[in-house]
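Protein chains: 2
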Amino acid sequence: MVDVVISGTGLYVPPNKVTNEELVAAFNAHADQYNHEHKADIDAGLIPAKQHSSAAFIEKASGIKSRHLVDVEGVMDLNRMMSKLPEGGHGDFENPCLQAHMGIEAGKDALKQAGLTGEDIDYLVCSSAVMQRSFPAIGIEVQHHLGTKGSALDMVMGCSSATYGLITGINAIKCGMADRVLMINPEIFSTMINFRDRDSHFIFGDIATAVVLERADLAKGDDLWKVIDTKADTKYSNNIRSQYGPMTRLDDGSLMRQDMFFVQEGRKVFKELLPLVTSFINEQLENLDLQVTDLARMWLHQANINMNMYAAKKLLGREPTYDEAPTVLENYGNIAGAGSVVAFHENRENMASGDKGIICSFGAGYSIGSLIVEKL
Amino acid sequence: MVDVVISGTGLYVPPNKVTNEELVAAFNAHADQYNHEHKADIDAGLIPAKQHSSAAFIEKASGIKSRHLVDVEGVMDLNRMMSKLPEGGHGDFENPCLQAHMGIEAGKDALKQAGLTGEDIDYLVCSSAVMQRSFPAIGIEVQHHLGTKGSALDMVMGCSSATYGLITGINAIKCGMADRVLMINPEIFSTMINFRDRDSHFIFGDIATAVVLERADLAKGDDLWKVIDTKADTKYSNNIRSQYGPMTRLDDGSLMRQDMFFVQEGRKVFKELLPLVTSFINEQLENLDLQVTDLARMWLHQANINMNMYAAKKLLGREPTYDEAPTVLENYGNIAGAGSVVAFHENRENMASGDKGIICSFGAGYSIGSLIVEKL
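Residue numbers (the working numbering), protein chains in the order written: chain R, 96 to 471; chain S, 96 to 471.
For chains that are exact copies, the list does not tell them apart, and a pair is met inside one copy or across any two.
List of simulated lysine-lysine pairs, DSS-like, C-alpha gap at most 27 Å:
| # | residue 1 | residue 2 |
| --- | --- | --- |
| 1 | K330 | K203 |
| 2 | K330 | K207 |
| 3 | K244 | K366 |
| 4 | K408 | K330 |
| 5 | K363 | K244 |
| 6 | K145 | K134 |
| 7 | K451 | K321 |
| 8 | K330 | K244 |
These aren't lab readings, by the way, just hints derived from the structure by calculation. Owing to the predicted nature of the structure, the values given are computational and were not obtained by experimental measurement.
All chains, please: the whole structure from these sequences, using the hints.
Put into structure tokens, the structure is as follows:
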């Protein structure tokens with residue numbers, strides 16, 4: 096079977112950035128307003144008062160200092176606390192919708208790095224934790240604007256969206272369906288966030304990534320990463336969930352109900368998912384006769400600093416250095432399926448031929464997905 | 096590379112059925128109510144009156160006599176005209192959500208036909224025109240209840256959902272990622288229908304299909320179909336579209352706006368998509384050195400009787416017999432991505448070893464996808 100390489104990665108970062116301090120100012124003003132409006136019930140002990148948050152709490156709990164969002168103004172508006180639909184956000188035939196736009200820009204960046212143009216690509220996989228609409232597929236809209244050939248498809252896979260999209264693309268090349276695949280991964284997860292919820296309002300940022308995959312013998316780029324192995328595993332859990340979708344319309348008046356946003360049982364996720372992740376990686380390495388010390392780098396899903404450090408430490412048996420398990424949480428937050436790819440995109444420059452690493456996602460589902468790669 | 100066979104197909108049909116006559120009674124009562132409420136504007140020529148529909152018009156335009164829906168009562172309620180959320184429709188950890196439930200039932204049916212149980216499956220692809228929620232993936236919920244191994248993923252691909260799901264599964268087997276794949280295809284497209292729209296309220300029905308794919312050398316079933324070839328093509332179009340999705344919440348008050356439902360430019364679709372479909376199939380046959388007369392059967396997407404007959408006639412150069420291009424529109428309506436698989440499920444009993452056929456989808460995107468299969 097043919098070998099597959101990663102020959103380019105790309106990024107699109109929405110221009111609107113919001114710091115912990117700004118988010119906290121909005122949240123605390125909301126908490127004050129809420130407590131004032133519900134004073135009687137709170138005083139009577141019927142409902143709890145909303146506690147203030149702080150930038151220090153957020154940074155300690157998550158490692159995040161700021162994140163980019165598709166819209167900040169709406170989030171900071173006390174009467175709204177939710178992104179506004181960006182102008183032209185739905186798009187039309189001439190102008191891409193917001194999510195397609197993000198994917199197109201990341202795609203251009205990745206194609207450039209691989210030294211290719213859209214028409215060199217014969218299969219496009221668009222994968223995200225949340226798709227802007229169901230049809231026509233966002234991937235087909237991206238295909239149209241980038242001029243890629245063949246077909247495109249949409250996948251939805253929570254925080255494993257990018258790795259599962261990559262595995263689908265790698266399979267397509269290995270079995271001869273395609274020679275060159277563009278994996279597009281536009282994440283607009285802020286649309287699912289309840290910015291009135293102290294525990295989760297700060298977690299996520301928006302971003303898009305893209306990755307070019309090629310049949311190894313065709314690739315001409317100067318930064319090639321051979322895919323040595325892929326692995327995927329899923330196990331059902333409701334601990335990261337949102338009910339939002341077509342059923343929301345049937346479930347009267349529920350658009351803003353709490354369960355229609357991202358809801359997480361954070362402690363359960365930490366306790367249940369991390370052991371799955373570490374055994375998953377150990378098992379994959381064992382099957383390849385590799386040790387964790389054979390990995391120069393672990394580009395992990397960017398969940399939060401504590402989960403990331405716990406996983407890396409558990410695998411290594413000691414504290415990781417920054418280079419061994421780089422994080423991008425500080426500037427981007429948890430960026431859903433894009434996390435491990437952004438970590439790879441931003442932290443591979445100083446690596447040498449023969450160096451190996453793992454790109455590994457984990458999250459809602461639960462799902463875990465990984466690629467072990469080697470620099471050529 | 097290994098050969099792949101289809102060794103089982105399964106169906107789940109929601110118990111609630113509605114005839115053209117019943118749908119028309121509800122629609123006409125709505126039209127009367129609308130015309131009464133807007134009498135002044137209609138009399139002044141500011142807006143057009145809503146025309147009555149008829150069962151005969153629907154049958155002539157579509158070939159549909161009845162369809163099954165996840166809920167009929169809400170659709171027939173003049174004050175609602177939309178399915179109600181079925182009891183327990185969102186599900187929880189113990190009880191599957193509606194879409195997972197449909198998929199699980201179809202999956203059991205397909206596994207039984209293949210002589211397998213859930214644990215024989217090592218990859219599950221869940222594909223639909225519309226997913227009930229984004230996370231956790233519906234496919235992972237189905238995996239949990241059927242006890243399948245390995246991983247599951249969700250794909251969203253309009254009326255090509257089943258064929259694109261099958262191609263993804265076939266690729267996974269061919270490249271060694273899996274030995275046995277279960278493709279689950281639960282369609283709840285009625286959630287996207289504006290039942291107050293005369294042109295589209297009658298088109299769609301709900302259903303779930305499932306297909307078992309196996310490495311040919313492992314398959315032990317008594318009705319095996321070798322996959323000779325697969326092909327996929329997409330070309331962007333807005334002629335079948337809905338804006339509904341995460342952006343709906345940001346786009347204030349738009350839940351019931353017309354563009355949040357299925358909207359179709361039917362004539363443009365007919366004119367643009369059918370030539371793409373016929374050249375697609377001709378090209379695929381040519382690459383395989385086959386003639387259309389080598390196909391004993393064409394299991395086409397069930398769009399409407401006129402599109403289906405036009406495509407079959409164009410390909411054959413004459414009127415098709417029922418057996419050559421079977422339709423299931425009469426009882427099920429257009430069932431989104433499930434159409435070609437249901438046609439295959441219900442119309443292959445009398446075929447002989449060596450007989451070939453094509454399972455071909457086409458629809459929103461635009462997308463076209465096909466499998467050429469041969470009975471072993």
